[in-house]
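Quick note, the sequences are listed as chains B and E, same order. According to UniProt numbering, the first sequence is numbered sequentially starting from 1. According to UniProt numbering, the second sequence is numbered sequentially starting from 1.
There may be inaccurate statements among the hints.
Dumping the calculated EDC-like pairs for lysine to aspartate or glutamate here, alpha-carbon to alpha-carbon at most 20 Å [what the hints assert, rightly or not]:
1. K446(E) to D168(E)
2. K92(E) to E61(B)
3. K251(E) to E61(B)
4. K251(E) to E50(B)
5. K259(E) to E53(B)
6. K498(E) to D184(E)
Hints listed in this document are in silico derivations from the structure and should not be mistaken for laboratory results.
What follows is each chain in one-letter form.
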Amino acid sequence: MKLVIGLDGASTGGKALDFAKNLAKKTETCELIVVYVIEWSPFSFQTAEENAERHKRREEEIAVAMERVVDPAVAELKSAGLSARAIVRHGDVADTIDDVAHSEGADQIVVARSSAGGLTSRLFGSSTANLVMNARVPVTVVA
Amino acid sequence: MKKLSALFLALVAYVSLALPAQAQEAAQSLDARVNEVFASATGWFVNFIFMAIPGTDFPWIVMWLVIGASIFTVYFAFVQFRFFGHAIGLVKGDYSDPNDAGEVSHFQALATALSGTVGLGNIAGVAVAVGIGGPGATFWMILAGLLGMASKFTECTLGVKYRNEYPDGTVSGGPMYYISKGFDELGLPGGKILAVMFSIFCILGALGGGNMFQANQAHAQITQITGDFPGWITGLVFAAVVFAVIVGGIKSIAKVTEKIVPFMGILYVGAAIVVLIVNYDMIGWAFGQIFAGAFTGLGVAGGFVGALIQGFKRAAFSNEAGVGSAAIAHSAVKTKEPITEGFVSLLEPLIDTVVICTMTALVIIISQQLIIDQETGNYVLNEAGTAIATVDSNSGVALTSAAFGSAISWFPFVLAIAVILFAFSTMISWSYYGLKAWTYLFGEGKTTELIFKIIFCIFIVIGAAASLGPVIDFSDAAIFAMAVVNIFCLYFLMKVVKTELASYSARLKSGEIKKFTH
Numbered sequence: 001m002k003l004v005i006g007l008d009g010a011s012t013g014g015k016a017l018d019f020a021k022n023l024a025k026k027t028e029t030c031e032l033i034v035v036y037v038i039e040w041s042p043f044s045f046q047t048a049e050e051n052a053e054r055h056k057r058r059e060e061e062i063a064v065a066m067e068r069v070v071d072p073a074v075a076e077l078k079s080a081g082l083s084a085r086a087i088v089r090h091g092d093v094a095d096t097i098d099d100v101a102h103s104e105g106a107d108q109i110v111v112a113r114s115s116a117g118g119l120t121s122r123l124f125g126s127s128t129a130n131l132v133m134n135a136r137v138p139v140t141v142v143a
Numbered sequence: 001m002k003k004l005s006a007l008f009l010a011l012v013a014y015v016s017l018a019l020p021a022q023a024q025e026a027a028q029s030l031d032a033r034v035n036e037v038f039a040s041a042t043g044w045f046v047n048f049i050f051m052a053i054p055g056t057d058f059p060w061i062v063m064w065l066v067i068g069a070s071i072f073t074v075y076f077a078f079v080q081f082r083f084f085g086h087a088i089g090l091v092k093g094d095y096s097d098p099n100d101a102g103e104v105s106h107f108q109a110l111a112t113a114l115s116g117t118v119g120l121g122n123i124a125g126v127a128v129a130v131g132i133g134g135p136g137a138t139f140w141m142i143l144a145g146l147l148g149m150a151s152k153f154t155e156c157t158l159g160v161k162y163r164n165e166y167p168d169g170t171v172s173g174g175p176m177y178y179i180s181k182g183f184d185e186l187g188l189p190g191g192k193i194l195a196v197m198f199s200i201f202c203i204l205g206a207l208g209g210g211n212m213f214q215a216n217q218a219h220a221q222i223t224q225i226t227g228d229f230p231g232w233i234t235g236l237v238f239a240a241v242v243f244a245v246i247v248g249g250i251k252s253i254a255k256v257t258e259k260i261v262p263f264m265g266i267l268y269v270g271a272a273i274v275v276l277i278v279n280y281d282m283i284g285w286a287f288g289q290i291f292a293g294a295f296t297g298l299g300v301a302g303g304f305v306g307a308l309i310q311g312f313k314r315a316a317f318s319n320e321a322g323v324g325s326a327a328i329a330h331s332a333v334k335t336k337e338p339i340t341e342g343f344v345s346l347l348e349p350l351i352d353t354v355v356i357c358t359m360t361a362l363v364i365i366i367s368q369q370l371i372i373d374q375e376t377g378n379y380v381l382n383e384a385g386t387a388i389a390t391v392d393s394n395s396g397v398a399l400t401s402a403a404f405g406s407a408i409s410w411f412p413f414v415l416a417i418a419v420i421l422f423a424f425s426t427m428i429s430w431s432y433y434g435l436k437a438w439t440y441l442f443g444e445g446k447t448t449e450l451i452f453k454i455i456f457c458i459f460i461v462i463g464a465a466a467s468l469g470p471v472i473d474f475s476d477a478a479i480f481a482m483a484v485v486n487i488f489c490l491y492f493l494m495k496v497v498k499t500e501l502a503s504y505s506a507r508l509k510s511g512e513i514k515k516f517t518h
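Here chain E stands alone, though its shape is the one from the complex:
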């Protein structure tokens, strides 16, 4: 394995350093070629997932996610609010048996899952939502975040309940396990087929949103600072580092990022709060724009429906509620009560979407990067009429960067580092999710695992080289495809969760489950 990674690193060094100057032009056209091939290869899949409901402009998939989250919210009688305090207690360790010390704690499972979701979705995704859907998209994003808490609760409870525990003490869990085992238990047919379908989409999602989108936006961020250069170079460097971690087993790199990422998250929120405090007189106006835009659209493409679609799409992409990925991350926790992990996981969309995404949106709105027509009060569209015109024609992560930069001049540099680290940690998380789906399909073993890891690294290069449009479309489509299978199966399995919830809350009320005194 060492030899292999050394060889790969040498190859990367050769390509990026020893490349003759005249090849630079060819390299630029290589990016264009990758882009073209990629867009034509994935187009049909994207079109299917984002097909509009006949007679409307509304993609059926967005409806699917919202209806799912709403049904779980009602079915569990607003569990996200009723058990919110209890969830905090669980994370603090109030209910942890001291004899289980040394096992994965609720806090650790939550932190690991969060480091997979907090990242570019919160920085670039929100900019895309607000840039296309206007400030109103924020309102729908918050609503989707609050509803999504119930989806997370459902899937993470099942993730722990139906995980596989192997004799050597390691665990594997996630939708593919709860779908196949849960359906068997309930005597329902088709569990195996649905689990296989989920796994296929999970692999695509890992390669798309968990990989290419990250590489793409990390490259965009780097070129903001260094000037333009071909994307595949960034891709190769990223691929080499990810390869070193997931194949070479160089844990120290992953360990370092796992330590820095939470710090970066806090720094990001801190910077957002500073910007908001400095502009405290505009916060009221910004919320006014959010509410007005939510129901009128304020001139954005597609009107208020456009704002709604963007808000829901970006929220789902950012917090992954209903997608099933978090169930994989949460399944490692040590607990006798699977439902406790469900309670803990419902904090995730709250932190990710309701808090962090809203911060980003407020900063973008307050920075006035989005151009407003002074006479009508509506937003001005760009020439193509697809998005709101911005001061420097920025979109995605560049828009967020410019928004922060207008208040804190040096912050774009910090943001660049944060984006690169977030991208990296999200890639590492998703390489694990993808791998679990891959091994579910092809069995566990060194060779099959290696094949997936190499494919994963190749897609980093493709993601960095392709342009944002096709990458974002494919990433969204793949992640939402996971949600199609996952939510469908959750409808059948949610009664299992309801039984657990009833039993647990009865024991909590009777005092059978109580806090440990430390």
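Next up, chain B with everything else stripped away, as it sits in the complex:
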């Protein structure tokens, strides 16, 4: 079995991780893929200077995400004796998690309940809600 765990760096991500860990332990061979998406759009507007530094910033963003969120999660899964690896990508959160799960041929996506609230999520919907509605792979939302 192959599980994709979508993390967003919020504390609720721990619950999704725990859920996936328990699920993985119940199956004989299970591969876990921890995915972290850095919110980014190819259609945003930037200054010439920002463009010139973009590659550098991107590397920095990926390094920070690895260090703070993804590496600790993978280490935790590995210490529980599971096979786990990490993917960090830029893009729209819901689309990118779905893309990764689809191209990896995952059986299930595990994400935490939306941690964002307020006006923006009312207007545009949360990433979790978008993922549940559009994913091509079954999604489990952990409360």
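Given the coordinates of chain B, work out where chain E should sit on it, guided by the hints.
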């Protein structure tokens, strides 16, 4: 750095607020003095660039740009039309590898380059062209825009191909890099000298068209609404804000304008479309005037040649094709194929000149701000005989403003805000282009960069204080001087682009380069 900008802001506040009332008169004469000194200091340079071809009234520089654009168009077998659809696909991200997400996209490079070119050239420049050259200038402007797409394609491909990528992950590119590296690669002599020449002209262009012209027209627009006051005051305020962004590193101001400018662009085109829809019965007549004027001049100074010169000049000034500035902006894109950025960049003159400039011209013609002699059908010249007489004796951005105002009464206020923001974003873009040329000459480093940025801010004040004539002449001359070196070098380097084009189109045809399924 913080201290320095605080000091500068305090100085600006002191000069503009605490200035005693009796100094007002002295201030007016300060404007006149700046104007006089500036005109006499730059006159020789302007005269050289706009020298007429012996025996004609035709400036050689205009011929230079048109011949360049035509040669690229023929040499690449009308690449601007053959790869137009492919360019759209690239901008949409159809060919972007998802693993490169987070890098500068084709869309972003195009948007950044456009925000440097869409601006006063489209609003004030077109008014100057139509005001002097008549409606016929529009025809030549569109033609120059279509041909210019091939120049853009050539220079932007080279800009990406020969950019510098530094170990820290930042990039620098532009004509100075492709001239020196490209000439070395081909074993041609003189690359370094030509690159230095380009850099010098690029710095002048950044200070002229990318700075003084912007400050000047922004001031003209503000006084339209507030009434007359000395230009250096506007200059100081602009200088302070630009200083805060480029020296103080206050990115939030730049970020806000980068968000508002595209919105303003859409609003401007939207307003133009509204004016055209309201006057839909006159669109046919307006195009009739454009075609008739293109070949007869309809009584403008210099006849149809006058219309042609104005059209080509303003088009080049607006879309900067062949000038080399866009190659600096486009070089930051992440791609394995430099030529893809060339395809994307050819959309720029199309959007800038063929679409937006034509909109402005149509609105001005339809508004009938230009006075027509009812008996002959020709345009009436002003007393000096240099331009077409207008209803309120307006020229430049004021003419565009009046044209929109005659259809949408409140639009001049929106236009004023748009002009100020466009001027500001163009200044920020050009401060970057100028800086890249400056660091190419003097090396990268905090102090050398700071010196350029301070010079840049000083020229904002001069630009706002001087009158339109000398400023526009110098701005044009400096930008066209860039094109002299750039196009000359493109002739030697275009075979590099041709090799890339052949290889890319073969792989596109064979299916090796294909769309990514998302």
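Please list, smallest to largest, the hint numbers that this structure does not respect.
Hint 2 alone not satisfied by this model.
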